[in-house]
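Participant: Take a look at the letters that make up each chain.
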Amino acid sequence: MEGFLQALAAGLLIGAVYGLMCVGLGLIFGVMRVINFAHGDFMMLGMYVAFYLFTAAGVQAVFGNAVGPFIAILLAGPVLALFGYFVHLTLISHVSGTRTASLEGEGHYAQLILTLGIALILQNGGLIIFGSVLASIRTPLSSSAWELGPFFDMSIFINKARGIDAVVSLLIMTLLSLLITRSRIGKSLRAAADNPTAATYMGIDVDRAHRTAFALGSGITAIAGGLLATNYPFHPFVGLDYVIVMYAGVVLGGMGSIIGAFWGGMTIGLVQQMSTLILPTQLQNAAIFVVFLLIIFFRPQGFFGRMVERT
Amino acid sequence: MLRIEGLSAGYSAKPVLNGVSINIDAGQFVAIVGPNGAGKTTLFKTISGILKPSGGGISFNGVDLLAVPPAQRAHLGIAHVPEGRQVFPSLTVMENLEMGAMTESGRRDWAANIERIFAWLPVLAERRGQFAGTLSGGQQQMLAIGRGLASSPKLLMLDEPSMGLAPSTADFIFERLIEIRRQSGLTMLLVEQRVAEALESADHGYVLEAGRVVLEGNNETLRADDRVRKAYLGM
Numbered sequence: 000m001e002g003f004l005q006a007l008a009a010g011l012l013i014g015a016v017y018g019l020m021c022v023g024l025g026l027i028f029g030v031m032r033v034i035n036f037a038h039g040d041f042m043m044l045g046m047y048v049a050f051y052l053f054t055a056a057g058v059q060a061v062f063g064n065a066v067g068p069f070i071a072i073l074l075a076g077p078v079l080a081l082f083g084y085f086v087h088l089t090l091i092s093h094v095s096g097t098r099t100a101s102l103e104g105e106g107h108y109a110q111l112i113l114t115l116g117i118a119l120i121l122q123n124g125g126l127i128i129f130g131s132v133l134a135s136i137r138t139p140l141s142s143s144a145w146e147l148g149p150f151f152d153m154s155i156f157i158n159k160a161r162g163i164d165a166v167v168s169l170l171i172m173t174l175l176s177l178l179i180t181r182s183r184i185g186k187s188l189r190a191a192a193d194n195p196t197a198a199t200y201m202g203i204d205v206d207r208a209h210r211t212a213f214a215l216g217s218g219i220t221a222i223a224g225g226l227l228a229t230n231y232p233f234h235p236f237v238g239l240d241y242v243i244v245m246y247a248g249v250v251l252g253g254m255g256s257i258i259g260a261f262w263g264g265m266t267i268g269l270v271q272q273m274s275t276l277i278l279p280t281q282l283q284n285a286a287i288f289v290v291f292l293l294i295i296f297f298r299p300q301g302f303f304g305r306m307v308e309r310t
Numbered sequence: 000m001l002r003i004e005g006l007s008a009g010y011s012a013k014p015v016l017n018g019v020s021i022n023i024d025a026g027q028f029v030a031i032v033g034p035n036g037a038g039k040t041t042l043f044k045t046i047s048g049i050l051k052p053s054g055g056g057i058s059f060n061g062v063d064l065l066a067v068p069p070a071q072r073a074h075l076g077i078a079h080v081p082e083g084r085q086v087f088p089s090l091t092v093m094e095n096l097e098m099g100a101m102t103e104s105g106r107r108d109w110a111a112n113i114e115r116i117f118a119w120l121p122v123l124a125e126r127r128g129q130f131a132g133t134l135s136g137g138q139q140q141m142l143a144i145g146r147g148l149a150s151s152p153k154l155l156m157l158d159e160p161s162m163g164l165a166p167s168t169a170d171f172i173f174e175r176l177i178e179i180r181r182q183s184g185l186t187m188l189l190v191e192q193r194v195a196e197a198l199e200s201a202d203h204g205y206v207l208e209a210g211r212v213v214l215e216g217n218n219e220t221l222r223a224d225d226r227v228r229k230a231y232l233g234m
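Line by line, the protein sequences are chains A and B. Going by numbering that gives the first Met the number 0, the residue at position 53 of the first sequence is 52; the numbering climbs one at a time, nothing skipped. Going by numbering that gives the first Met the number 0, the residue at position 115 of the second sequence is 114; the numbering climbs one at a time, nothing skipped.
Check each hint, because a few of them may be wrong.
[As the list claims (entries may be wrong)] Using 20 Å as the maximum straight-line C-alpha spacing, the simulated EDC-like pairs for lysine to aspartate or glutamate come out as follows: (1) B:K229 <-> B:E215; (2) B:K13 <-> B:D24; (3) B:K153 <-> B:D63; (4) B:K51 <-> A:E146; (5) A:K159 <-> A:E146; (6) B:K51 <-> A:E105.
[Stated by the list, open to error] Computed list of chain B residues with no C-beta within reach of chain A, every gap over 10 Å: (7) P34; (8) N60; (9) V62; (10) A73; (11) E97; (12) L185; (13) D202.
[Claimed, not checked] Quick look at which bits of chain A chain B covers, simulated, 3 or more residues with Cβ under 8 Å: (14) 226-234; (15) 243-251.
Bear in mind the hints are in silico, worked out from the structure with no lab data behind them. Predicted model only: the values in this text are computed from it and were never measured. Just so it is clear, CB atoms sit at the ideal spot from N, CA and C, and this is done for glycine as well.
Make a model of the complete structure from these sequences and hints.
Facilitator: Following this line, the structure appears as structure tokens:
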């Protein structure tokens, strides 16, 4: 029982961060319908940006080892958003949005090759620049814990760094959902996703809406990456491990549902942690995909997906 | 207001429009009628910039429209109520109307516009919180019209507002359009397959066949024309 509660707590904490990571991709896929294979590598860049902001750019010196990492991680968001903005402007926009009308297969083939190419460049460029040594954003918080309880006679231990990671994720998720549901920009993003042609008739610049979504999605995933980096060491090829989880989360949540992607990521985090109760840790990721297939078998449209394709 | 001169357009090598010239003055209600495949929707898409013409020109209030990017054309005052309604299904009725009001004039006049739209199309007020995808066809059409009106347009373009609707619903839509026109004096351009209703509502008409204007005139002239009577009015 104690093990179960402990795994549940660990699953919820990591699930919140996975959720945020998936939302970044879900936003891009939901608005643009572009499959971005480089998204994991954008996250890897986010991890390194947070790492260097913390260690080399003086955030550690100013804010110390407890608050510093989180300041650096939050700053990595805008940096990667800017990076995403320029990647869209210079590369992605040529094979997506209003340009797709003149491309074969609605531009999906070109998008596939392009984003795979970007992924390779980022991975190998990362290897040259950052080296192959494992890096991590170290904070003393990741080796201390809060004790919750005792409930009856059991206590749950919450790793401090993971606890703060989850809170930061939920905060950003709340801000994002307010932006998407309430603000004029958010509504125009959803309109552009629903029907790009009609959105153009309304005077919405669809390519610009896509660029906004791409920048926002990149920044959000970068923050999620930074949060993960407080507990998990990383290297230039780490994106590959996470991009699969991201896509599983987006599909679970329902393709095109931005909020759904969060719950997809949360589910994956929970399954990953809970599976350790009955399975050896090497099978964590296998468990994720067994549950993934089961859910998709019974609910092919995902949690929040609509069966009817958008008109 | 809108001058179309010698416009040719189409998909890849197949021309759909062949030297079409149409002129709409401020305050006019112009109908373009013709059979399926005559190029009516292609004409609208070219005006809105979704399609690039292969020849000819379009000017709107003296502005060369072809030099204006598609998304900017709404901001000049052109509202396009597209074929098949094309409301935003995952947005609510109110959010759809807000999307109509993305233009500067639409934002400025939002409060007054929304009051008028709800008065003309009360069903939108009743269902303001409902997702547009769950509305019936007729309600979606009214939403598409309301969304167009929310931009405070100078020209309202309506592409087959009766498409796929029950005859009584279509009649209601036409009746509403005439009422909106009467109260607002808005310039309207209507494309329709229901020739009788379209010519009845409008004060000027063009007959488009196989990408060419074959006939033009005010509604009495057109309705009295032998070819129109035989081909479209079943008389």
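Participant: Taking the hints in turn, state whether each one holds.
Facilitator: Against the structure, the hints:
| no. | hint | in the structure |
| --- | --- | --- |
| 1 | B:K229 <-> B:E215 | 16 Å, holds |
| 2 | B:K13 <-> B:D24 | 31 Å, violated |
| 3 | B:K153 <-> B:D63 | 16 Å, holds |
| 4 | B:K51 <-> A:E146 | 66 Å, violated |
| 5 | A:K159 <-> A:E146 | 10 Å, holds |
| 6 | B:K51 <-> A:E105 | 18 Å, holds |
| 7 | P34 | 24 Å, holds |
| 8 | N60 | 16 Å, holds |
| 9 | V62 | 15 Å, holds |
| 10 | A73 | 3 Å, violated |
| 11 | E97 | 6 Å, violated |
| 12 | L185 | 17 Å, holds |
| 13 | D202 | 25 Å, holds |
| 14 | 226-234 | violated (count 0) |
| 15 | 243-251 | violated (count 0) |
In this structure, the earlier hints numbered 2, 4, 10, 11, 14, 15 are contradicted, and the remaining ones agree with it.
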